[in-house]
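Chain A is already provided as a structure; the job is to place chains B, C and D on it using the hints.
4 protein chains.
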Amino acid sequence: MKQYTILIDSPDEKGLVYKISKVFFQHELNIISNNEFVDKENSRFFMRSVVAGDINASQLQEKLSTLLPKEATVHVIAPKKKNIVLMATKESHALGDILIRYEAGELDANILAVVSNYDLLEPLVSKFDIPFVTVSHVDLNRQEHEDKVIKTLQSFGEIDYIVLAKYMRILTPNFVDTFRDKIINIHHSFLPAFIGANPYKQAYERGVKIIGATAHFVNNNLDEGPIIAQEIIPINHAYGWKDMQRSGRDVEKIVLSRALKLALEDRIFVYENKTVIF
Amino acid sequence: MKQYTILIDSPDEKGLVYKISKVFFQHELNIISNNEFVDKENSRFFMRSVVAGDINASQLQEKLSTLLPKEATVHVIAPKKKNIVLMATKESHALGDILIRYEAGELDANILAVVSNYDLLEPLVSKFDIPFVTVSHVDLNRQEHEDKVIKTLQSFGEIDYIVLAKYMRILTPNFVDTFRDKIINIHHSFLPAFIGANPYKQAYERGVKIIGATAHFVNNNLDEGPIIAQEIIPINHAYGWKDMQRSGRDVEKIVLSRALKLALEDRIFVYENKTVIF
Amino acid sequence: MKQYTILIDSPDEKGLVYKISKVFFQHELNIISNNEFVDKENSRFFMRSVVAGDINASQLQEKLSTLLPKEATVHVIAPKKKNIVLMATKESHALGDILIRYEAGELDANILAVVSNYDLLEPLVSKFDIPFVTVSHVDLNRQEHEDKVIKTLQSFGEIDYIVLAKYMRILTPNFVDTFRDKIINIHHSFLPAFIGANPYKQAYERGVKIIGATAHFVNNNLDEGPIIAQEIIPINHAYGWKDMQRSGRDVEKIVLSRALKLALEDRIFVYENKTVIF
Amino acid sequence: MKQYTILIDSPDEKGLVYKISKVFFQHELNIISNNEFVDKENSRFFMRSVVAGDINASQLQEKLSTLLPKEATVHVIAPKKKNIVLMATKESHALGDILIRYEAGELDANILAVVSNYDLLEPLVSKFDIPFVTVSHVDLNRQEHEDKVIKTLQSFGEIDYIVLAKYMRILTPNFVDTFRDKIINIHHSFLPAFIGANPYKQAYERGVKIIGATAHFVNNNLDEGPIIAQEIIPINHAYGWKDMQRSGRDVEKIVLSRALKLALEDRIFVYENKTVIF
Numbered sequence: 034m035k036q037y038t039i040l041i042d043s044p045d046e047k048g049l050v051y052k053i054s055k056v057f058f059q060h061e062l063n064i065i066s067n068n069e070f071v072d073k074e075n076s077r078f079f080m081r082s083v084v085a086g087d088i089n090a091s092q093l094q095e096k097l098s099t100l101l102p103k104e105a106t107v108h109v110i111a112p113k114k115k116n117i118v119l120m121a122t123k124e125s126h127a128l129g130d131i132l133i134r135y136e137a138g139e140l141d142a143n144i145l146a147v148v149s150n151y152d153l154l155e156p157l158v159s160k161f162d163i164p165f166v167t168v169s170h171v172d173l174n175r176q177e178h179e180d181k182v183i184k185t186l187q188s189f190g191e192i193d194y195i196v197l198a199k200y201m202r203i204l205t206p207n208f209v210d211t212f213r214d215k216i217i218n219i220h221h222s223f224l225p226a227f228i229g230a231n232p233y234k235q236a237y238e239r240g241v242k243i244i245g246a247t248a249h250f251v252n253n254n255l256d257e258g259p260i261i262a263q264e265i266i267p268i269n270h271a272y273g274w275k276d277m278q279r280s281g282r283d284v285e286k287i288v289l290s291r292a293l294k295l296a297l298e299d300r301i302f303v304y305e306n307k308t309v310i311f
Numbered sequence: 034m035k036q037y038t039i040l041i042d043s044p045d046e047k048g049l050v051y052k053i054s055k056v057f058f059q060h061e062l063n064i065i066s067n068n069e070f071v072d073k074e075n076s077r078f079f080m081r082s083v084v085a086g087d088i089n090a091s092q093l094q095e096k097l098s099t100l101l102p103k104e105a106t107v108h109v110i111a112p113k114k115k116n117i118v119l120m121a122t123k124e125s126h127a128l129g130d131i132l133i134r135y136e137a138g139e140l141d142a143n144i145l146a147v148v149s150n151y152d153l154l155e156p157l158v159s160k161f162d163i164p165f166v167t168v169s170h171v172d173l174n175r176q177e178h179e180d181k182v183i184k185t186l187q188s189f190g191e192i193d194y195i196v197l198a199k200y201m202r203i204l205t206p207n208f209v210d211t212f213r214d215k216i217i218n219i220h221h222s223f224l225p226a227f228i229g230a231n232p233y234k235q236a237y238e239r240g241v242k243i244i245g246a247t248a249h250f251v252n253n254n255l256d257e258g259p260i261i262a263q264e265i266i267p268i269n270h271a272y273g274w275k276d277m278q279r280s281g282r283d284v285e286k287i288v289l290s291r292a293l294k295l296a297l298e299d300r301i302f303v304y305e306n307k308t309v310i311f
Numbered sequence: 034m035k036q037y038t039i040l041i042d043s044p045d046e047k048g049l050v051y052k053i054s055k056v057f058f059q060h061e062l063n064i065i066s067n068n069e070f071v072d073k074e075n076s077r078f079f080m081r082s083v084v085a086g087d088i089n090a091s092q093l094q095e096k097l098s099t100l101l102p103k104e105a106t107v108h109v110i111a112p113k114k115k116n117i118v119l120m121a122t123k124e125s126h127a128l129g130d131i132l133i134r135y136e137a138g139e140l141d142a143n144i145l146a147v148v149s150n151y152d153l154l155e156p157l158v159s160k161f162d163i164p165f166v167t168v169s170h171v172d173l174n175r176q177e178h179e180d181k182v183i184k185t186l187q188s189f190g191e192i193d194y195i196v197l198a199k200y201m202r203i204l205t206p207n208f209v210d211t212f213r214d215k216i217i218n219i220h221h222s223f224l225p226a227f228i229g230a231n232p233y234k235q236a237y238e239r240g241v242k243i244i245g246a247t248a249h250f251v252n253n254n255l256d257e258g259p260i261i262a263q264e265i266i267p268i269n270h271a272y273g274w275k276d277m278q279r280s281g282r283d284v285e286k287i288v289l290s291r292a293l294k295l296a297l298e299d300r301i302f303v304y305e306n307k308t309v310i311f
Numbered sequence: 034m035k036q037y038t039i040l041i042d043s044p045d046e047k048g049l050v051y052k053i054s055k056v057f058f059q060h061e062l063n064i065i066s067n068n069e070f071v072d073k074e075n076s077r078f079f080m081r082s083v084v085a086g087d088i089n090a091s092q093l094q095e096k097l098s099t100l101l102p103k104e105a106t107v108h109v110i111a112p113k114k115k116n117i118v119l120m121a122t123k124e125s126h127a128l129g130d131i132l133i134r135y136e137a138g139e140l141d142a143n144i145l146a147v148v149s150n151y152d153l154l155e156p157l158v159s160k161f162d163i164p165f166v167t168v169s170h171v172d173l174n175r176q177e178h179e180d181k182v183i184k185t186l187q188s189f190g191e192i193d194y195i196v197l198a199k200y201m202r203i204l205t206p207n208f209v210d211t212f213r214d215k216i217i218n219i220h221h222s223f224l225p226a227f228i229g230a231n232p233y234k235q236a237y238e239r240g241v242k243i244i245g246a247t248a249h250f251v252n253n254n255l256d257e258g259p260i261i262a263q264e265i266i267p268i269n270h271a272y273g274w275k276d277m278q279r280s281g282r283d284v285e286k287i288v289l290s291r292a293l294k295l296a297l298e299d300r301i302f303v304y305e306n307k308t309v310i311f
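Protein chains in written order, with this note's numbering: chain A, 34 to 311; chain B, 34 to 311; chain C, 34 to 311; chain D, 34 to 311.
Just so you know, the hints here were simulated from the structure itself, not pulled from any lab data. Please note that the accuracy of each hint is not assured.
Treat identical chains as interchangeable: a pair holds within one or across any two.
Stated by the list, open to error - Pairs of lysine-lysine, DSS-like flavour, derived with a Cα cap of 27 Å:
#, residue 1, residue 2
1, K123, K307
2, K35, K73
3, K52, K103
4, K55, K294
5, K96, K35
6, K35, K123
7, K113, K275
8, K47, K275
9, K114, K275
10, K73, K234
11, K35, K47
12, K234, K294
13, K275, K115
14, K113, K47
15, K307, K275
16, K123, K96
17, K113, K35
18, K73, K114
19, K103, K160
20, K181, K55
21, K275, K35
22, K215, K113
23, K114, K52
24, K184, K114
25, K113, K73
26, K73, K275
27, K103, K55
The shape of chain A in the complex, shown without the other chains (with noise of 0.2 Å):
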């Protein structure tokens, strides 16, 4: 039987668990897993489950919203590969990580095309078959570049997620309202320390105990969009700046395919500039 993701974001109040798995049973759903938050200051209520029967996904989604408050959102997602964007400047371990991942059918998820602003990583990328689309912002400013490249990513058709590899340009806020909660950053640090460039250098003249890498959506203040997964490496006085941004980069990459992962398997709820991840 398949099976299908619900989601669903809800002001809080009696009986909505109650409500939702009437629904649930009276189309004789097999409930595999069902993770709940309520979020008690803002009074919201989430709710993911993974159901397996033979439903029509959109009767459903329209049955749920019309039970719960209407300003409830619910999603009944289908089982489908969804499509993806990679964007990369110059560097390849994050962007490689996930090639190797693509490669070895650990994402459920079409790479639609890497796009970058230097051809840099072409060679790499052309060996996995995947469209390698360079929009070089030279003699541009950043308006133009950025124009570019949207048409760019609006030449491949829908796209689910933009995952930004260490693409190493500052988007406007054109460009994030435009794939609005779809665009996937790794920030090399351990956010919200070290805000902006060369985090690794900042870190270092601090003289920090250990160092770290965010995953998050990007919004309009650059480096504020809502977390998705953090992770951090001890690390101490002999590492130097360049030894910092070595051993960060596993960290970077691991937390950027993690966070990858949580979103291609609809795990993440953002609210209030945060994630709920089941």
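Frame of chain A; chains B, C and D shown alone:
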């Protein structure tokens, strides 16, 4: 309104969540938190709900039991300080950590007493106005000593948990049976590595790069009971086994206190020699 | 034979190790452990040796100083319990952790007193037969209060380290100057994230997935002194800021105690607002 | 100026550092980094120095050997890319991680070939223009198969390290002797827990809360060689053994790559079935 914790452990079948949440709805319970897990391999359903409402706990327990498969177990637990006894031998770090938390009001429990086979820790314990009972093993065989310990423990009345805070005596099956699923131990290794005596020496001999500690319920097979919590710290070649022991103590005490807290908050299900923890 | 710890901090130049080890050899010292680090960027050499032998500490220090560049600092430290004073406000976890270690003989130090701006922790401290001095800030301005605290501290004689075990008052530059490089603080966040007040609330608002604690020396800029140790724990969306605070306490106390141990064992060099730790 | 790595492993005695650093001084060597460790229990001295200067490596090695106890071993290593061969079976994550690093120029090594008992990974490897050799075990007994593998390996000329990147065949003592201290394996558990086959299944059955991976040199006893690096990740009851395997892969690949890097940088001493790592 009073809060109740409801624990349900049942063979899995369709409609469980529906049936249970219907009862919650009918009793106008406010769901504070809700966690479910289905072990697909063993077709077993676990649920922990914290609810607020005006209920009769035993009636609600009865009602839920009637609805569920007859092999299910249901506990509706009213808020009540649990009674615990600590046991220790010579080392004070794990015991001391619990005492400091107790003093700070961090533990929702009454410490009835500390029982030891030595009187070494009496000065520490007596600072906290907690009865300290020495049951020396000198001149007694294992059985005789344990009989005295059991009698001592039973003299305290109803005990919810016995916490072995570095109690360095092996328990017989009789002891374990007498306090089934109530004995929490801290083992000073990352189980199942280094079962048995002197795990730090074993770890030193093996040249590991990480050491750890494991809190677990005690069953008849030494160091093989259901694991509640584990934690580790990195070490290196410069650590002699005494250094490992010293560093390991920090992990031991944190892990044991964490396990105790999980137990006191009714967050642990035990089955198949494993734990489900919400 | 007595063991001495030798700390050398010098401009780097060729032959330093040779010159130093020659002196060790001539004095027939047994090298127990030897650590060196060269900060290439600042061309600075650090060395910590633990040696056993029959020596006159001040003569050896004199001899080494003569051999080394004149900007070098040399300390030959004979084994001697250090004198420390603890300061706290209301929370007992960090203070209690140190007290339990002290009682167990784990700290190579004399705790001269605990100083607090409240009397809340007096019952705990007095259990351990350690003087507790309340210096209330009520009806005093910052300067007046601090003057009284400094006078109190100076009344204890020579102090090696002042440990701020959750002392929740901001220190003035005068205080910091009076006890330069002697004040160890625990900050309840992963610095430099969440500098300032209520870091757990800040962390909650930001939706981080990891929280941490930082032990550091105090300098004139709040939360910006040289970092000694940092540690983290993973959290998730289900943690309210009170939960973060509760979980964070375990990290805070372990990190502070670890930093204190490093200081008591003369393992820390401070320079350029950073630490080198052997 | 050229940089050399000097490795010294010697019975401990007074004056070793003095004698060695005197030679460095006389040769006007610039010490880039210097690490020493004395294993007091076994009275053994280890030193790793990176020096810059104008030297004859074999003469310097000779000179140091003459000065030191005759059981000492001295290696003066000139900078030179090491030759490695990778071996794998079916899984691509550990192999792929090394290939991506290789492609990025991150590994100071030549990958001579990848050898496998299946041809499954050939498409991946051939993308990187690295020879892929299948030595099938079908219709061969263990000895016959291994003889063919050894012959294949020897056909590549001098090999510095053989990296078992999830090579799932047991090696005979003959194989291990042929490439003594040159074979690096990744074991998919936190050794010594779960030695042998299917460690993730074993971990699942045991109900552990943490899983890990161990990189080690291979000796005659399966999974019992000197440990180079270990790492872990926390898991919980919701992980089936397939989930553990999936999550474990991230740890495996990072740990194996880290161990390989340590080996390529000549940072590992092996003795007493342990490692000293600088």
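**Message:** For each hint given before, does the structure comply? Return the numbers of the non-compliant ones in rising order.
**Reply:** 1, 4, 6, 16, 19, 20, 23
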